Amino acid sequence: MQKLLQLPVNAVNIVKGVQGVTQGQEEALSPVLTPDSGPQNWYSAVQPEELRHLRSGGTEDRSALEEGLNSVQTQPLRHDDLKEMLDSNKDSLKLEAMKRIVAMIARGKNASDLFPAVVKNVACKNIEVKKLVYVYLVRYAEEQQDLALLSISTFQRGLKDPNQLIRASALRVLSSIRVTIIVPIMMLAIKEAASDMSPYVRKTAAHAIPKLHSLDPEQKDQLIEVIEKLLADKTTLVAGSVVMAFEEVCPDRIDLIHKNYRKLCNLLIDVEEWGQVVIINMLTRYARTQFLNPNINESLLEENSEKAFYASDDEEEEDKKAEPATLAKRKPYVMDPDHRLLLRNTKPLLQSRNAAVVMAVAQLYFHLAPKAEVGIIAKALVRLMRSHSEVQYVVLQNVATMSIKRRGMFEPYLKSFYIRSTDPTQIKVLKLEVLTNLANETNISTILREFQTYIKSMDKDFVAASIQAIGRCATNIGEVRDTCLNGLVQLLSNRDELVVAESVVVIKKLLQMQPEQHSDIIKHMAKLIDNIQVPMARASILWLIGEYCEHVPKIAPDVLRKMAKSFTNEEDIVKLQIINLAAKLYLTNSKQSKLLTQYVLNLAKYDQNYDIRDRARFIRQLIVPTDKSGALSKYAKKLFLALKPAPVLESPFKDRDHFQLGSLSHLLNAKAAGYQELPNWPESAPDPSVRNVEIPDWSKCSSRKDRKEKKVEKPFYSDSEGESGPTESADSESDSGSGSASASGSDESGSGSESEESGEETESDEEEEDEEEEKKKRKKLDKTKAKKQCIINFDQFDMNKITSVFSQTLAPSGSIKMYELLHRIKGEGLAVEYCFSRQPFSPEPNMVAVQIQFTNNTNSETKNLHIEDPRLQSGMRIREFAEIDVLAAGESVTVVMGIDFCDSTQAANFQLCTHTRKFFVSIQPPVGELMTPAFLTENDFKKEQGKLMGMNEILEKLTLGEKCVNEHVIVERVTATANLSRVPCGSDKECRFAGKTVSSGCLVLVTVTTKEGGGAQLTVNCEKMLIGTMLVKDILQALSQ
Amino acid sequence: MPNHPVPVPSSVLAALKNKTIHLSAAKMIHSLFLVNASGDIFLEKHWKSVVSRSVCDYFFEALERATEPENVPPVIPTPHHYLINVLRHRIYFVAVIQSEVPPLFVIEFLHRVVDTFQDYFGVCTEAAIKDNVVVVYELLEEMLDNGFPLATESNILKELIKPPTILRTVVNTITGSTNVGEQLPTGQLSVVPWRRTGVKYTNNEAYFDVIEEIDAIIDKSGSTITAEIQGVIDACVKLTGMPDLTLSFMNPRLLDDVSFHPCVRFKRWEAERILSFIPPDGNFRLLSYHVSSQNLVAIPVYVKHNISFREGSSQGRFELTLGPKQTMGKAVESVLVSSQLPRGVLNANLNPSQGTYTFDPVTKLLSWDVGKINPQKLPSLKGSMSLQAGASKPDENPTINIQFKIQQLAISGLKVNRLDMYGEKYKPFKGIKYMTKAGKFQVRT
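If you read the protein sequences in the order shown, they are chains A and B. The first sequence: position 679 = 679 (the working numbering), numbered continuously. Plus 10000 on top of the position in the second sequence (first one is 1) and you've got the working numbering.
Because the hints were derived from the structure by calculation, they are not lab data. The structure presented is a predicted model; accordingly, all values stated were derived computationally and were not measured. Glycine included, each C-beta is placed from N, C-alpha and C at the ideal position. Be aware that a few hints might be false.
Stated by the list, open to error - Straight-line distance between alpha carbons at most 27 Å, and here's what the computed BS3-like set of lysine-lysine pairs gives:
hint	chain 1	residue 1	chain 2	residue 2
1	B	Lys10162	A	Lys130
2	A	Lys130	B	Lys10220
3	B	Lys10393	A	Lys527
4	A	Lys415	B	Lys10440
5	A	Lys456	B	Lys10364
6	A	Lys918	B	Lys10393
7	A	Lys456	B	Lys10427
8	B	Lys10427	A	Lys460
9	A	Lys605	A	Lys654
10	B	Lys10304	A	Lys456
11	B	Lys10425	A	Lys918
12	B	Lys10382	A	Lys456
13	A	Lys456	B	Lys10433
14	B	Lys10158	A	Lys460
15	B	Lys10162	A	Lys460
16	B	Lys10440	A	Lys379
17	A	Lys415	B	Lys10220
Said to hold, decoys possible - Partner residues are not named here, just some residues of chain B that face chain A (Cβ under 7 Å, in silico):
hint	residue
18	Leu10043
19	Pro10077
20	Thr10078
21	Val10134
22	Thr10226
Take these sequences, add in the hints, and give me the full structure.
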């Protein structure tokens, strides 16, 4: 069966070969076969023959045919039969011929001489013939440039076709023909297609850009213009392809991305998976040029404290501890909301089924996220390890690099890196690398136990790697060095030469680090020399004894004596080390070893190996003083017994992270062609306003009517509303998310996508036929909508402002802020806002009171408003408001509910239900709302503050904002940020505030000390360090505005 | 976008200065070679200029160096190219790359190619590929454009190129009609690109298989060193029109580490722990998940073993008994035990209480097909092994690999609560099946 598809061609050739004898003359007479002459008949005679092969598959005479084939193939093929078929009128014959030609191409056979015959069929009606002709054309056009030009007009015609799919495929083939002459035509076609109405054609245009660029790099400038235009495209279909083109043509034109950055972030989730990878990689680079290093405060600590981070739980805590200390030293770091946007929008992609996407997100987090957040990628990466072994290989390489920098991240998954006997060796070795990197004082005993089973494996390469891994653990972790050494010494009695040799080598390295303490091991190894036969191991032992002969002064000469005896029977490397040992002993202990050395040197002098003879001669000259010996021999001792540096056993993956993770260059640890360096973080952030989009195009998606009109371009999940304007930070994540998800869900299920399909068909037709009319229509629509839009815009801006306020807790003067719980568009007319009323919640004093205002904007009444199904973090509780029976049209009502946030800023998620719908909403408190005022006297304040020193005190220097001119403003800002009360104070340079957390009643003390020239110092004392740290950030921001 | 100047931050300019601008880096996949087990290139496809097949010599070199077929490094650098290969069904898929590209991108794509072939031809063997070389070529042509993935969704591809069936091959040969769809790939334009349009069935059915595999390492003494569950939900959905499905679970908390088919709405899952999706037509993997917390993983079988060699004797003892454990009352079936015995073992003379065993004296692979475990009469395999005369006792201890199946059980306890359909009027037939299998289940001795 295997060669079945080759058969048709072979069959013909063989038949031809057989018949050639009789038909040779005829062929010679008519080299150009005409359709109606004899050969046609000849061919039709062959046809059934082949069909038989085609259908019946393996025929008995196949082997015979194949043998015949080999002899035929040595002669140049002429393919007259195929030409014949291509010239026929029947599509079926043409198709048959094309299939055989494609089969030839697939096998790598040359079919270029058929070019003229094939290219004629480029306009064939049969769609499969046409496709196969395209395949042929793209393969051979480069070699037959002149003839290829014949086909161009067909594609040019195709570019004007009313059907978008035909336009796209014409452009695709045209741009794939690598013929320099048509560059201008291609350029024109790409430019035109880039402004096509159909996003699919635009996508094809984006694909064509790199093709043209590689054909003629001169076109770069023009192509960049097209890229710029396509980057502005709002459809998910185009996004991936154009970024791909960008990466290939002008990856350094970061400036083109600014305006499209937010859009790309928002569309990302709906882009097809391959596009996602490319976009994420590009955005990683972009972010490195535009944002500040989120770990800037830790980067100083990092080097010193690398060893300090062990368990992941500890890590976070330590981060928090480290923060206040460093914050004091440096300027406070505030993450750019756009930076946050990128992190937030890529996070769900960690759950993609595509390993490349997961890896792309993982590297993005590794390179861009604050240290505390990087941890989330570990789980996803560990999941990938279940995939095919190639995927596992690449992922492990990256994990190995990451685990050096961020060990804590993978520690919980230690056991996922345990090795199975069925793993391929290369995977085993990588897992071993990761395990070694993860080893620390706490887990070393588990790891060593695991390593012990590995040493018994049958895979000897792997055993050797395991022994090396033990050696590395021993150098890195001082506590286990002796245990490891003992373990390795035991291995010296292993039967396997490789194991012994590897152990000796590793022991040698370990001993070099502190030879004084281990003279007993050196003695032990000296004894082993009687038993160990592996030359490498013997050599290593001899070197050790020679090097440290001062530590074993009695044994060393004895070993030399034994070696001198067996010298002639030793392997060459051992002989060399015997000479070395002799030389060193001669220099340190010439009394005992002088004669022995001379004896050894004499033996060596007549050795068969010239290396050994040379060495002996050289050493004799050097160490044995004679009249002739030169100046060098004075320094013999220094030469031989110089202090040799201990070898450093470090991971081969160390510092590999200067390559972008997940890249080919990282994998190879060498710069691959076309690798884009990952830039270093900038010292100060470039202007973030470059990413602002000038004209917020709200009309696109905000109203239902518009949505329908724009259906084609509407992404599946992502809400394009967030396209412009600084988007909310992660803290308010679920807020917009849940709402839109339920909305889009109902959309899809309700209207059904079939109508969408037809809608788009008609639309595209319309658009082409009478664009003019379309434009007019749009204008009209715009006018009618103008008023409505105005309102919507206002709403949207309002919401935006609120959300940004929400996340950053900027304090606008005094009044209580309202937050949006449910936008009236998402809520289908029901708008819900909430605020923290700062009143004690009477039913349960340890709950935060949340005041909720419902407004019914519909024309009908809404009934049974209540809360259902709260989803809370453990310990959190909710006290629901009493159900609102009826809310009449246009009415508003305000209720109060209580939430016990457990003194954390975790969101409380619940469903808001009406009689018809359920909405998912969440309330997330700013940290300042988690407290109530506490009334203290100045003395009490000082007393309490005295109790909350050390770790519980956070000090921060700041520069007051321009408007913070007097005490009054400071008080106003602080109290707006946090629900605190002022504590009377004697000094006018100080403002003091006190409060306690609602849930647990911990005291929160805030002091602001102003200094000359706008400087100030902020002190927060709170037992709950998390609360304290967050509060510091919020107040800092409020005051430095 | 108008051509007004955009201010370029100074840091960007600084970054630009350090950059060497390279010309024409042809990215992504340049060519693809398929190599069979005996080292012959039997198919080649180029998406850009032709790369000579001699580039594969570097691959053959690596192949020779590797002791086992799966030990060929997935990425092989050569002077002008990089070769990225995957091994599936004893065929190496070797992609030629010219410049920087995420290696996983290529690897993942190659696996997708194999999956597509399997989907189309039932198997992905050299013979199947050679038999369908034209379809293969057409597929590859659609899957990559200029080396960048274009259409990789099986639903779209099937719209473009119809999978070959015996009937269609016969009909095509007689009538001269084609495999290429007359339709244009409208699916690519849709907002749900993974679903064919205009799907029609007379019987509307949706089947979901919850399949869990247990990966475990059990140590000598029988305690679990590591155990995790890899679960998938595979679906076969044949529903008319554009159905919108929701699938909810009794205990969604189990699913904290999941990956989805692109059709699943992320946000709905995040908020409600409900799978909401418009399914592709036909077979697809809806979800895969990972339960790694060890206390959740029940180990359904135990092994008692005694494999020992005595110093100085040319005989070794072999005893193995299997038993069920934590199976929730379900039967453990299709049990297969295999073990790589030490090189020194010449032959094994064993006596199984049930099933059959084989020992290959060349590869030293012992395998025992046990069948079903009867809790009343535990299966055992006992006997002796003969060692090379004079050879010393082997250092290594063999590991025992176990395969088994348990029907109607998801060992993690995951249970589907309900499946609802919106968007269409008819009542579909719905079916859920559970199964537990052994993944990489190893017992160290």
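Item to check | Unmet hints by their number, sorted upward, for this structure | outcome: 2, 6, 7, 8, 9, 13, 14, 15, 20
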